[in-house]
Amino acid sequence: FAVADPDLTKKITVRNLVCACTGVPRRDLELVFNAGQLTPEGVIASLKGFQFYTKFGEAFQYSNQMVATGGYAAAAAAGGRYGELGEAYATQLRRRVLDPIGMDRTTLSFADVEADGDYATPHGLRLDNMYTRLSLATEAFIEPVAPAGAIWSSANEMARYALTELGRGVAPDGTRVVSAANLEETWQPQVAVDAETSYGLGWFIGEYKGLKLIDHGGNTFGFTSDLAFLPDQGIGIVVLANAQGSTLFNEGVRSRLFELLFDQPEEYDQQIAFAEQQTAQSEAALAKQLADRADREAAAPYVGRYQNQALGEVTIAFANGRLYIDAGEFRSELRPLKQPVSGQPAFLMFDPPLAGLAVDLRRDADGRPGVSIKAGPDEYDFAVIETGTPRASPVAVGSPEAT
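With positions in the sequence shown counted from 1, the corresponding number in this note's numbering is that position plus 366.
The hints are simulated quantities; they were obtained by calculation from the structure and are not laboratory data.
As the structure is a computational prediction, the values presented were derived from the model and not from experiment.
Backbone N, C-alpha and C fix where the C-beta goes; we use that ideal spot for every residue, glycine too.
Any given hint could turn out to be false.
To be verified - Restraint-style ranges between C-beta atoms, simulated for each label pair:
{"no.": "1", "residue 1": "V380", "residue 2": "E633", "range": "35 to 43 Å"}
{"no.": "2", "residue 1": "K578", "residue 2": "A657", "range": "48 to 56 Å"}
{"no.": "3", "residue 1": "E745", "residue 2": "A444", "range": "37 to 45 Å"}
{"no.": "4", "residue 1": "E480", "residue 2": "R381", "range": "14 to 22 Å"}
Construct all of the structure, not just a fragment, from the sequences and the given hints.
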C-alpha cells in the first residue's frame, strides 16, 4: 500500500481509508476502462499514482479505491493472503456480517446471481435521457472494488441490515454482530461535506428537521440505492431501483416517508418539479448542440486504435454509418457537437454506461491523430497505435438495437 505522498503513506490508518478525508480524488474511469484486467491487489497498487487535489483532512473526496482498500486490509488482518484478497474479503464478509444478520441471499458473486435467475435487470441512461436495458456484465466494473459496493441484495435483506444499525449492532433475531461502541463510532463526523452534512466512516451524517439522519446512496451503471435511518427515532428505509441515476427518486421516497411519519408538508414534491424543469431545459439545450451522427469524412482520419497508460486501449470505428468508441468493457456511439469550442472534432458518448462523457479527436503538433477523454478536472490523452482498424461491431451495448 502506498499513496503519492510518501510521508502520508506512513501515517494513513484503516480509519482514514474509509473517511473520504485523505485528499485522494475520485478516479472511477480507471475502474470502468480496466475492469476486465483489474484485481483487488491492482486496485491497491493504483493508489500510488493518484495525485492529491487537497491536503489531508481538508475536504471531502470520496474514492472507491480507498474504500475498497479498507475492506481488503480487513481481509488481510483476518488472515487473507495477498493475491487472494478478493476471496478472503468475501469469506469474512459472509462470516462476520451477512450470516449473523440473516442476509442469506446477499452476495458479491455475479455467478451466484446469474445462477439464481431471480434478479433485477440493470437499466442505463442514454444521452437523450431515455432508459435502455443493460447486460448484467456491464455491472462487472465494480468487482475489483467489491468492498466499495459490489453487493447484490434485496430490499428485504437490506432492511435487516438497517434494523441491525438501528439495533446498535444487534440483528433482528437478537444476534450481536458488532459492539454498539464500534458501530456508533462509524457515525461520528470525520470531514465536512457542506454546511449541514459531514462524512463519517462510510456514512453521511446530517439531519432531518433537527433529527439526526445517517444515510448513504449507491450508484452503478444500472442500479441506484439509498439507505437512510434516524437512529434516535428507530426509523429506517431502504430504496433500491434498477435504474442508473435515479437518486432523486430514491431520496424522494425516503423524504415522503418522513413527511408522512412526522406530519410534514410535501416539500420534496417541489424539489422534484424543479429538477424535472431543469432536466427538460438541459435536454432542449443539448438537442440544439448535438448533431445526429458523426460526419464520416471528417472523422475517418481518426479511425484506429489508441492507448492511454491509465485507461488502456480504445478503438474508434464506424458501424452502420455511425461512429463508436470501444473500450472492450463497454462500447458507445459518439455524437458530435455542432460547434466544438476548441475547433477540433468534439463528441459526447451517447450510450450508457458513460453517456455524456466528453471525447475529443485531435491531432498533435506533428499531425498524428489522438483521442482525449475528459472527466471533471481529469483529462486522459490516448496516443495512436494504429489507424484504419476494422469496423466496429454493428450493435453498441445499451443501444436501442441491443434492447
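Q) Against the structure shown, which of the earlier numbered hints fail to hold, in ascending order? A) Hint 4 is the one this structure does not satisfy, whereas the remaining hints hold.
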